[in-house]
Structure formats: structure tokens, C-alpha cells
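Same order as they appear, the protein sequences are chains X and E.
Residue numbers 0 to 128, in numbering that gives the first Met the number 0, belong to the letters of the first sequence in order.
Residue numbers 0 to 324, in numbering that gives the first Met the number 0, belong to the letters of the second sequence in order.
One or more of the hints may lead you astray.
[Unchecked claim] Subject to a maximum C-alpha distance of 30 Å in a straight line, what follows is the list of computed DSBU-like cross-link-like pairs (lysine-lysine):
hint : chain 1 : residue 1 : chain 2 : residue 2
1    : X       : Lys-1     : E       : Lys-207
2    : E       : Lys-224   : X       : Lys-1
3    : E       : Lys-1     : E       : Lys-130
4    : E       : Lys-207   : X       : Lys-105
5    : X       : Lys-105   : E       : Lys-224
[To be verified] Chain E regions said to be covered by chain X (calculated; three or more residues, Cβ under 8 Å):
hint : region
6    : 3 to 15
7    : 71 to 84
8    : 301 to 309
Derived from the structure by calculation, the hints contain no laboratory data.
Here the structure is a predicted model, which means the values were calculated and not measured.
In this text, a Cβ means the ideal position worked out from N, Cα and C, and glycines have one as well.
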Amino acid sequence: MKNTFSDALVRLAPAACRPGHLALDVRLPWYRTLPLSVVEIAALDIAGQAVPLTGATLELEGHSHALADMPALTTVQWFVQDSATLHVDVAGFDPAAAKDIGLLVKLYPPYIPMLVWVTRGTTAQEATA
Amino acid sequence: MKTGATLYAFTNAWHRRELTLPQLLAKVAALGLGPGLEVIGYQTFRGFPHVSDDDAARFKDLVAEHGFTPSCLSINADMAIRRGTMMSIEEAVAYHVPQIEAAAKLGFPLVRCQFAAPAEVLVRLLPLAEKLGIRMGPEIHAPLGPNSPPVLAYREAYAKANSPLLGFIPDFGATARAVPPSYLDSLRAQGMPEVLMQIALEVWALPKDPGFKRGEFARRVEPFKAPPEVVSALSVMFNILSPGQPDMWDELMPQVIHVHGKFYDFDENGSEPAIPYEEILPRFERAGYQGFMSSEWEGHMYSPDAGFDFVVKHQALARRILAAA
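With the rest of the complex left out, here is chain E:
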């Protein structure tokens, strides 16, 4: 497994306009957070999926200057771009085409897709992917797992298509052992009642889907007459992380094309309290996975930190585990 970073980890600095793209890439390089570099097209490039020749050339020059290896371009399946109406398969294919072309133009070897688009969309995009030499795979993000219905539908379609360009991108937030303590602390700081948080944590640990958990949580807190925004704020945890077991990734290993190393915080030993990297990473090593893991700090969901120090710590943790694996 090779390490790298996604610029998504630095969302706070980017959103606050603290750095230009050249400055951001220079900082990521100076901190040694490559060599893998992942970018979200709709976050980084103005006008995406249109990328001008000049913008593509400048980006590739920066990548070369800093010694990055483009690992993954995250693209989006914006199926509900018309509120309340889903795109047809044909529209979705057309929506993906320029994004995949942008990936090739920017020098990325693969694209992160999303389960919002049915598997048929990716299968129909195979001729374009073959022409451009781009691999494609949806991100298996919490609350999904390898045997969730949308993932099973993809696996079935992949078996028929039988293409090495089709794969999956595990996100380790789907194999969490806890809700991040720092996230809970941020809720406490806003006055979230402890009793409601404890009920939410009990519900989070149930082996159920988020829809069930939201309903169950609402039922259990009903006697407390909690305001809707409080219930909503706590219900977020049912979607961002799910308590899957690390061995659930095993059956997908041959089809893993990229990895999102999701993380939030570290304990005094440098371990991630919410996600058991010590159990997860050796499984990927033993399976022979040789692609990249993007360090994906998502603490910006509740913390104003710029993210750089967190990614440094994450890669130190990964190196420690991988060296011993």
C-alpha cells in the first residue's frame, strides 16, 4: 500500500481561501504528504468538468514539480441535480463523460464514482474508460458494506462486464469501532444534552441501516421533547460512520482500486480512536493491495483546523503499521 493525501482533507483552508492551488500543493509537498494526490474535481477546479488546456498543463506542471503521483480524481454522480427528479441512465452517462475526460486530461489513472448512479452507468462508460485508460469505482462509504444492496448490484454487473477497469474504493469510515470522541466533544461544547448523545451512541452501534437508526433514535428521544435540529444534528452520525468489521473488506480485495483512509483524531499513542487502523491495514497488506490510500481527514466537519497536522499524524500511523505488517 502506498500513501498519499486527498485535498479534501484541507477543506477548511480551501473554503476559507487561505491558499491558492499552487500554494496548497506546495504545502502538501513540503510536509511530505504525498506521493499520492487525490483531488475532488468539483472542489478544486473552477468550471469543472471543463478543464482548459492551460489549467491542465499548469496542474500537471505542479504535480511534476512537487513529485506527486496523481492517484484518483473524485467525480460526482449528481443524479438529483434537478430537485426531486432523478437523472435517467442516459443523462447520468452524459454527466459522467466530461468528468472522466477531465481525469485523463489532468493525468489521473482512475476516478472515484458514487453509488447514486446505478451500475449500468459505469458499464455504459466502459468504452470511454478503455479508450482513455481510466479505471472506475464507486466509493463504499458508510453506511454501505460489501453486501449492501447497492454494492451487490454493482458486483453482479461487474461479474457480467468482466473488465479490469471496474473496481471499488473502500472508505474506512464504514469499518469504525466508535463515533469520534472529538466529534462528541464538539457537540457537548454546543450544549448537546449528554442523555441524548448516549441514546444516539446506543442506536449507532445497532447492526441496522441509517433509515432504521434515524427512526429508532427519534422514537427513543421522543419523551425528551428534543428540538428537531438537535435530533437532526445527532442523526448525522448514523451516516458518516458505520460499525462494520474490518474483515468485511476481504471478499472485495481483488477489486479494490483505491482506498480512502478516513480519520478524525488520534489518541495519546497516535492511534485513531474511532477507526481500527491496526486491524484494517494489515489485511490490505496481506491481500497484496498495492494501490494508494488517500489520507482523508474529515474532522473539518466540526473542527476549524486546517487539517495539515492531522494528515501528518495519519501518515505516521500508517507507516508504523505498514512497517510492522
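Chain X on its own, in the form it takes in the complex:
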């Protein structure tokens, strides 16, 4: 099921892609700014195949953050109107043939401790957005 942020969640960032390296423009799927500590880049797939996020980084306001470090980043804010860039090394990735990339983001809104907000988006939305 989509939520209101699904269609805008992810786009290819072609200028930052190169052979073997995928870069995605990612929007925060929430109505307000959140710290990176409550953002989880949870899963990535290309053409339906899961891609490991080992070593992946999220670039925000010129700073690069390892996904593994994000739970500790309570003071690094993702402003709600900003894009971040997800960088992932993907063996055999060909930017010219990139399509059907899916991303799953989980948020843990810090004022609603029991809620996990799950948003999935795909680059396929680019054709219709």
C-alpha cells in the first residue's frame, strides 16, 4: 500500500551514478524535519532483486553518513524540504540501463514511540510523476 509520500520517495541521481555505483535522490517521507537517528534506510532492490546496503552512505547537506552510524545521529537533522543522496556500491551496476529501483524507508517518529512508518517508493514513478 502506498502512503502520501511513496511517489516522491526516490529518484535516480544520474549525475552521481557511475559504473558499479548507484546514487539515489531520497526525500524524507514525513511532514516535518526529523533527526537521522530515527530514519532507517531499510532495503533496496533493483529489478526485483534485493541489493545489500553494506557500506552505503547517506549524503545530506554536504556531509556523508554511513547508514550504520545513523541511529546515533540525534543532532543531525533532515530538513523536510531537503533531498538526501543515497550512495551504494553495486557490483555490475550500469547507469545507462538503470531502471525499476525500489527503496524502503522506515521512520520511528520520536514523539510516537510505538509507531514505525514504512514507505516504499520506486524510480518507476519518474515516468508518471
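For this one, chain X is given, so just place chain E on it according to the hints.
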């Protein structure tokens, strides 16, 4: 009761970066959606709760230019900013301090707080609030009501503190008569099975808390083998609206400092099908409430609309009811 808008109603336009803050305020003013203006600090201001002198001055200039009256700054009790670990009382107090200072700096007379923080946090913040002249109150949002345990704990603490700066902010989504039809239509458009929706609606109407409703819903739909994401999508309705009766607000009236006029859609008569404004607003008038109601369209949860036309209709509905009250 005075009318106004919260910029939260225009979340879609803001998230899509269609308007800058000056453009957004100009549009809200041009449509006559003030004079009250509510803002969520963590939505509108980059770097919040730090607000520079220049940013504060620019904001106050825009407010003056457009004739707004700052009504409420919504602040957040981000108690679980460390996943799985709740802030201590001391940490929560420290987390609120710069947000309340930002409210004063931006010209807001009160802050919307959240029940995620225990009442002790607000009581400890009273000296700062007194110094800055800021009123504070948590939002009573669905599924809570005046006699829910967290609200009762606040009421008890308020009775001891006995300060006019402490109050409550009712959100009318807690006194809903139905789940918004447009929300159900959006689920149907995504292929949600009708039988599951009807079961969810039956469970929504039960006089129980969301935890019970989620469990009860999962139990009732188990024979249908519905995927978890479908169950999750339907369970959202147990938290966004609750079927409280409008008279439940009566006992809190003397402590109401601000109001969230939650709404989703309108029928052919201009009434809100999910929330009985015709019953709610006259109660506030009769009780002598003279503060603001922020028009808070939340249809952006499922609709791509920018929200402006909805807020226009909401304020027309409010004016019609208030004129007759």
C-alpha cells in the same frame, strides 16, 4: 472563537517545494485564511529550534505585512529521539527549552506540546514560561480524551501547579462520528478489499483504545489471510480519529488555550462528514472560549491536493456555524 490556519494544512505544497515561506504566507493571506497563524517549528524553520535573529525578524515582518496574529507554535516532545530509549525528565526539559524560547522569539503566545512528555516536564518549564509569557498545553489528539490516563495525569499535575499558563489543546479528530469517506475511497482505489474495510470500520466504532482495536482487528481478519501491510494500512484509522462524543470537551473548557480544527472533507452541504462541527463549535461558543481554532486539513495523509481550497471551505463552515451559535 477566532479562526485561523495552521501551515500543517498545506503540507503537500510545502513538501513538494512548491512555495517558499514568504510565498506560502502570502497565499494564505490572499485567501483570507487568517488571522490566526499556527506553525510547526520542525516543519517550517530550517535549523529549528535555533532561529536566527534575521530569520525571526523576517518572519515577524511577514506576519505584520499580511496581518496575521501568531496563534500557536507547535513544538515536539521527541522523547524517543534515541531509538528504543526514552529521554529522562531532565533531558526532556532541556529539549523543550530552546523550542519555547523560539516561540517567544517568533512572537507566538503559546506552544502546542505533546503527551509523549510527562506532565512533570511542563511543570518544570513553568519558570521559563512565566519569564517569557508563553502558555503551554498538550494536544488532546485521537485516541485520547479528557479522561484518558495521560490526560488525567496532566490534570492532576495542573491542579497542583495552579498556573494560568498551563492548558490543553483539543483536536476535533478525537470527537469524530465517522472515518472520512474520502479516506476510504483512497483505500478502495488502491484495491483494498471491501470486506476488510467494513471489519475495520466495525472495530473503529468500538469504545476501546487503539491497542485493543489493532488486536481485535487482526483477530477478526485472520481468516482472510490479509498481508501485513494491508492490516497495517487499515489499522492507521484507529489512531487518527476516535469516536468521542462532543460533550466530552465540556469539562475541560476553562483550560482550553487553543483548538485544532481537524477536518478531511465536505459533503454537498458544506458539512464535514467525519466530524460534527455543528455540534462541537456551539459548545465552545456557549462555554465562552475566545481563543483561536486552527483549520487543520489532514487529508494530505492520502490526497495530493495542496489543501488551500479545503481550508477555505472549512472556514466558511466555521463562520456559518459560529454566526448562528
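We went through each hint and held it up to the structure:
1. X/Lys-1 x E/Lys-207: Roughly 27 Å between the alpha carbons, so the hint for X/Lys-1 and E/Lys-207 holds.
2. E/Lys-224 x X/Lys-1: Given pair E/Lys-224, X/Lys-1 holds - Cα atoms ~20 Å apart, limit 30 Å.
3. E/Lys-1 x E/Lys-130: It holds: about 26 Å lies between the C-alpha atoms, which stays within 30 Å.
4. E/Lys-207 x X/Lys-105: Cα-Cα ~28 Å, so holds.
5. X/Lys-105 x E/Lys-224: Holds, at about 24 Å.
6. 3 to 15: holds (count 6)
7. 71 to 84: Check passed, 8 qualifying residues.
8. 301 to 309: holds (count 3)
Taken one by one, the earlier hints all hold for this structure without exception.
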